[in-house]
Amino acid sequence: MPKANVTFEKLGITISVPAGTRLIEISEKVGASITYGCREGECGSCIMKISSGMENMSERSVLEDKVLQENMAGRSDRLACQAQVLGGDITVKA
Amino acid sequence: MKRVPDAVEIAPGTHWIGALDPGLREFDIILKTANGTTYNSYCVRGTNGVAVIDTVKASHAEEFFARLEQVARYDEISTIVLNHLEPDHSGALPELMRRAPQAKLYISAKAQLMLKALVKSDDLQFNIVKTGDSIDLGGRTLRFFSTPFLHWPDTQCTLIEEQNILFSGDVFGCHFCDGRLFNDQVGDFRFSFEYYYQHIMRPFREHVLEALELLEPLPLQLIAPAHGPILREAPLSYMQRYRQLASPLLHNEVGAHNKSLLVFYISSYGNTARMAQAVVEGAESIQGVRVSLYDLQAGGDLPFVDLIEEADGLAFGSPTINGDAVKPVWDLLSSLAMIKVSDKLGAAFGSYGWSGEAINMIEDRLRGLKLRVPIKGVRARLIPTEEELENCRDLGKQLAQHLTGKIEKRVISMSELLAQEPTHA
Chain A
0 MPKANVTFEK LGITISVPAG TRLIEISEKV GASITYGCRE GECGSCIMKI SSGMENMSER
60 SVLEDKVLQE NMAGRSDRLA CQAQVLGGDI TVKA
Chain V
0 MKRVPDAVEI APGTHWIGAL DPGLREFDII LKTANGTTYN SYCVRGTNGV AVIDTVKASH
60 AEEFFARLEQ VARYDEISTI VLNHLEPDHS GALPELMRRA PQAKLYISAK AQLMLKALVK
120 SDDLQFNIVK TGDSIDLGGR TLRFFSTPFL HWPDTQCTLI EEQNILFSGD VFGCHFCDGR
180 LFNDQVGDFR FSFEYYYQHI MRPFREHVLE ALELLEPLPL QLIAPAHGPI LREAPLSYMQ
240 RYRQLASPLL HNEVGAHNKS LLVFYISSYG NTARMAQAVV EGAESIQGVR VSLYDLQAGG
300 DLPFVDLIEE ADGLAFGSPT INGDAVKPVW DLLSSLAMIK VSDKLGAAFG SYGWSGEAIN
360 MIEDRLRGLK LRVPIKGVRA RLIPTEEELE NCRDLGKQLA QHLTGKIEKR VISMSELLAQ
420 EPTHA
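Residue numbers (numbering that gives the first Met the number 0), protein chains in the order written: chain A, 0 to 93; chain V, 0 to 424.
Hints are not guaranteed to be accurate.
Computed cross-link-like contacts, EDC-like style, restricted to lysine to aspartate or glutamate with a CA-CA straight-line distance of at most 16 Å [claimed, not checked]:
1. K65/A to E41/A
2. K115/V to D135/V
3. K375/V to D363/V
4. K119/V to E94/V
5. K129/V to E69/A
6. K369/V to D311/V
7. K405/V to D294/V
8. K28/A to E69/A
9. K28/A to D363/V
10. K405/V to E8/A
11. K369/V to E27/A
12. K9/A to D342/V
13. K2/A to E415/V
14. K375/V to E69/A
15. K115/V to E54/A
16. K103/V to E75/V
17. K48/A to D342/V
18. K92/A to E27/A
19. K9/A to D311/V
20. K326/V to E356/V
21. K28/A to E415/V
22. K115/V to E75/V
23. K339/V to E356/V
24. K115/V to E27/A
25. K369/V to E69/A
26. K92/A to D294/V
27. K56/V to E94/V
28. K375/V to E389/V
29. K326/V to D294/V
30. K2/A to E54/A
31. K103/V to E85/V
32. K9/A to E389/V
33. K408/V to E69/A
34. K56/V to E85/V
Negatives, chain V to chain A, calculated, CB over 12 Å [what the hints assert, rightly or not]:
35. S58
36. E161
37. Q286
38. Q400
No wet-lab data here; the hints were simulated from the structure.
Every residue gets a Cβ at the ideal spot worked out from N, C-alpha and C, and that includes glycine.
Next up, chain A with everything else stripped away, as it sits in the complex (with noise of 0.2 Å):
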């Protein structure tokens, strides 16, 4: 199964995972946080900065955008609850 690399750059820590695992699944394993949202994409609670690998992580959807708009997040911004890891490496701003 393909692997991606997540490191979250606050904790220093570096996660294998399958590829397709959401960001919310990771950084809840890891102690970044648990986010007692509403975890559906809808909320805007989780939004998370990729740092780098932004092309490693799954496409927006149009929900995902809607809400990130609606937050003012900026491009670099995802719903960890939606976004999945593809493969590759990505580093996360927690």
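Chain V: place on chain A using the hints.
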């Protein structure tokens, strides 16, 4: 005390048309309101149009419309501005839009979702405004300032440029109902002002400071908040008070180059206390961290909340009694809604007799508060062994290394990470 039967002119062409709620004793479940509250709404008249700034709680709509009708006809209303969409300010909005269908609605970008949830209409028209945008009412220019998270994502302030009157929304407001309306005429409301800041604005301290940067340069003549007295006497002093409240009171000896780690513990037989001491020893072995130790048995929650607000890392030590962490720990961990704790570093440790669930439960709570909890907590059965105390020292050391950016970088697979998860008894 004189009641306010009519709309009240607060400046030439601008009227207060809000509602009084003197009997309210509790607001949104969490706030005590010994003096009730007001829902302040304002009407601004220009030569080309009339604007209504904010509305009132639905239960007080009648009072609001009666006052509005005294100063404007519905067909004159060209503009509706909502600085904040919580129901106590937007309750009368659907009816106002029905009565003045030609009026254009102006809200912040983040207010859209709330608006759609409040006004159930397929044909909802509105305009998004941000800092720098303005509307010309003819001799009265409304200028907008984006001041998000004070105390909801949608909040903004609106200025009448020609008169330097700021409609501030909840900022600079308070729950204090007095029909005399103006701060130089009402009863002493200072405690309400402070209480409101502490409970509503304090968790958003960083956003308060950002908003002050935007608002302090304005030569304001009057601040018209959405709750409580209208600040016409020394309005800037209320802004200065916000600046004071949002800044640390005392000089903190921990400079920008140092980090602060607080270790809280409570102990029935001295075992968790020994572990706390070891966490402190470990943390102190790393340069650049000020480590403080507190016994929760002797302290109330409030001074600790103040300390936590400014700390970078927090460690909690609790024994496990009847399968749970003990009440003083939960009391403190449920008192943090007043401050921002997300992104701080957290950890747990403790002694136990049988099962030791307290550590995992505290860790879960810390993660739920959006702290980072990267280091597995330390548990010791009853009296900690030298090895377990060493584990506590290592916990303290790792916390300090995390805080100072000296932590060794690790690479781990998801399956290893899952295997590390503590098993719950």
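>> Could you work out which of the previously given hints the structure breaks and list their numbers from low to high?
In response: Of the numbered hints given earlier, those the structure breaks are 2, 7, 8, 14, 15, 22, 23, 24, 25, 26, 31, 32, 33 and 38, listed in rising order.
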